[in-house]
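Going line by line, the protein sequences match chains A and B.
With numbering that gives the first Met the number 0 applied, the first sequence covers 0 to 376.
With numbering that gives the first Met the number 0 applied, the second sequence covers 0 to 298.
No false leads were slipped in.
Covered stretches of chain A, as calculated for chain B (at least 3 residues, CB under 8 Å):
| id | segment |
| --- | --- |
| 1 | 52-62 |
| 2 | 122-133 |
| 3 | 286-294 |
| 4 | 304-310 |
Here are the computed distance ranges between Cβ atoms for each label pair:
| id | chain 1 | residue 1 | chain 2 | residue 2 | range |
| --- | --- | --- | --- | --- | --- |
| 5 | B | M186 | A | T201 | 34 to 42 Å |
| 6 | A | F17 | B | K80 | 45 to 53 Å |
| 7 | B | F6 | A | T201 | 52 to 60 Å |
| 8 | B | S276 | A | I18 | 44 to 52 Å |
| 9 | A | L267 | B | K76 | 29 to 37 Å |
| 10 | B | T222 | A | G255 | 23 to 31 Å |
| 11 | A | I105 | B | L226 | 24 to 32 Å |
| 12 | A | A197 | B | A182 | 19 to 27 Å |
| 13 | B | I108 | A | F17 | 42 to 50 Å |
| 14 | A | K302 | B | L226 | 24 to 32 Å |
| 15 | B | A182 | A | L167 | 52 to 60 Å |
| 16 | A | K181 | B | Y115 | 50 to 58 Å |
| 17 | B | S217 | A | G202 | 53 to 61 Å |
No lab work stands behind these hints: they were computed from the structure.
C-beta: ideal position from N, C-alpha, C; glycine also.
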Amino acid sequence: MKIVKKNLNYIIIGSVAFIMMILGIVGLPLSITELLEKIAIAIILAVSLNMVVGFLGELSLGHAGFMCIGAYMGGKLAALLSSSLGGTNILTVILALIVGGLCAGICGFIVGLPALRLRGDYLAIVTLAFGEIVKNIVENSDFFGGQTGLKSPQFIKNRFILFTIGFLVVLLTIFVIQNIIKSKHGRAITAIRDNEIAAKATGINVTKYKLMGFVVSAVFAGLAGALYSFTCSNIQAITFDYNYSIEILVIVVLGGMTVNGSIISATLITALNTILQTKLGGSFAVAKDLIYALILILVVIYKNAPALKDFREKYNLGNLWRKIFKHKNDPSTVRDDATRWDVVPTKISMDEVLSTEIIVDNTGDNSADIGERGGNK
Amino acid sequence: MEFLNTFINGLSVGGVYAMIALGYTMVYGIAKMLNFAHGDIIMVGAYLIVLFLPINPIVAIIAAIILCAILGIFIEKIAYKPLRGASPLAVLITAIGVSYLLQSLAQIIAGPNTYYPDPLSKLFPEFMGEPTYGIITIGSFSIKLSTLITLICVAIVMTALTLFVKYTRTGRAMVAVSEDKGAAQLMGINVNHIIMITFAIGSALAALASILTTFDASKVSTTMGSLPGIKAFAAAVIGGIGSIPGAMLGGIILGLVECFAQAVPAIAPYTVTIEFSLLIIMLLVKPTGILGKKRREKV
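Input sequences plus hints: build the corresponding full structure.
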C-alpha cells in the first residue's frame, strides 16, 4: 500500500500512457494524438519549471528560451541525420532529444552562473534577457532557417512511436525531478528556498545547489523542445516568445507549485485551451488570456496576502482533507516548513494554564486539605 | 556627420529608455519589487493618445499622463498592496499577471488593429507639411523635430525629477523610505502614501515616454510596450537598480549602444542580442550596476 502511495503519480501517468498506447495501436483520431502530444510537452515544461519556481523559489522567465534551444538543436540534428541516413528512425529521435537537452543544459549553466551567485530577483531579469537573445539569434541565423523557420523532420507515419517516446520522456521527467526533490540535494534546495542565510550557515553550498536545480530544469525544457520539434511541421522562433514562458508559469502557479499540481494543471489547461479554441474560434484566444490573468492574480493574492492568513488557515482544503480522513494527529501531516513553526502545536498556551481554577473539595471525607485536618484536631 | 547623427539619435532613444527605466528603478527602490506591468503602461498611454487625439492633441497628451498616473495608483492598490510583506516571488508573479491582464484588456477593448497616431503633425501642421517634413536644417546639420522635442523633454524631466527628489519634502521622504522603510515610518513618514506617489510618478513618466514614441509616428499595438519595457528594465539594472541617476545613465548607454549597433549593417540584426548581452556581462562584472550601492545582508 505504501509503495502504491509513494509512486502514485508514476502509476497514474504510466497506466494512462499504457492505455493510450493500446488505443494508439487500435487507432486514435489524429486530433486527439496531437492533443496528447501537446499535453506531454506541457507536463514536461511545467514540471521542470516547477523545479525552479516551486522548489528553488526563484523566478525564471526564459523557460521558452531553453525550449527553443532544444527545439532548434534537436530539430537541426534530426534533419541532418535523416538527410544523410535517408529517413528518420527512433535512434534519430533519441539522439535529437539527448542533444537538445544537453545544449539547453549548457546554456542554463552559462546563464545561471552569473545570476544565481546573487541574491534577489536577478534570475528573473537574466532569464528574461536570455529568452530575447535566443529568439533574436535564431531568427537571424541562416543555419536555422532564418525568418521562415526550420523545417523539422516529420514523423507523421510513425506518430504512434513518437507519442510513446513523448510519454516515456514525461515519465523520465517526473521520475528524475521527484527523486531529486526527495534526495539530500532536494532538501538542500528547499532549505535554500526557505531561508538562504540559515542554509548557508548549516554548510550548504548555496550557489552549487541553486545552479543544479536550474540546470536540471533547463535540460528538461530542452527535452520538451526537441520533442516539440518532431510534432510540429515548422519550427519558428516567434513561438518561443515571452508570452509562452508566461503561459508555462501560469500553469505552474495554478498547479500550486507542486509536482502533482503541475501535472494536473498542465493537462487541464492544455486540454481546455485546445478544445475551446477549436470550438470557439479566434475570439476565445483573447478572452482566455484575460481569464488566465485574472485567475493568476487572484490565486496569488489569496495564497500569499498577509491579511488573509487567518482566513486561509480556517478554510484550508488540506485541513478539511485531514479532518475527513482523521489524519489530524499523524505526525507526518505536520508540515516541516520553516515559516510555519509558529503554528506547530508544541507550545502550551499560557492562557489555558492561568485560567484553570483549582477547586478545593471541602465536603469529601478523604480530603487532602491539611488546614481542615489541623482544625479537627 | 554620420557619427554625430547617430549619437544624437542614440541620446533621444536612450532618453526615452531612461524615462521608462526611472519608473522601474523608483518603484524598486521604494517598494522593493520589479514592476513587470510598467512596460504595459506605455502601451496604455499610447492607446489613450489614439483615443483622445481626435479631440485635441494637447488634451490627449495631458489626459494620457493623468490617466496613466491614476492607473498606476489603481494597480498598486488592487494588486500589490495586499501582498506587502509576502514573499518576493508572489509579488513578481502578481506583477506578471497584471501585465498579462493589461495586454489582454487592451486587445479586447481596442481589437487587433494597429494604429499610427501622429500627434506632432496635429500640433505643428505647417511645419510637418510640404517643404521641411519636420526636419530642422541648420547649415549642413539636420535634426528631426521629434528627436529635438524628445531631447528637450528628457532634459527637463530629468532635471525636474532630480530637483524634486533633492529639495521637496515628498522627494526627500521618498529617499528616506528607499533607504530604510522602518526608520522612515518612525520619523512620521506615511509609507503607503509615498509608495502611492512613486507609482503615480513612475506611471506618468511611462505615459510621457509613450507620447514621445508616438511623435515618431510609430506603430501602436497591444504588445508595443513589452520590448521597450524589457530594454528599459535592462537599462535600470545596468545603471544600478534603485538609483535614479543610475537609471538615467543606463538608459542613455543602452540607447547609444542600440543606435550605434543599428548603424553597422553587419551587426544590425543582432542589436537585441548585443543589448541584453551587455546586461548579462554587467551582472557578471558588477552586479549592483554602475551607480548602485551594495547593501549588506542582515540576518
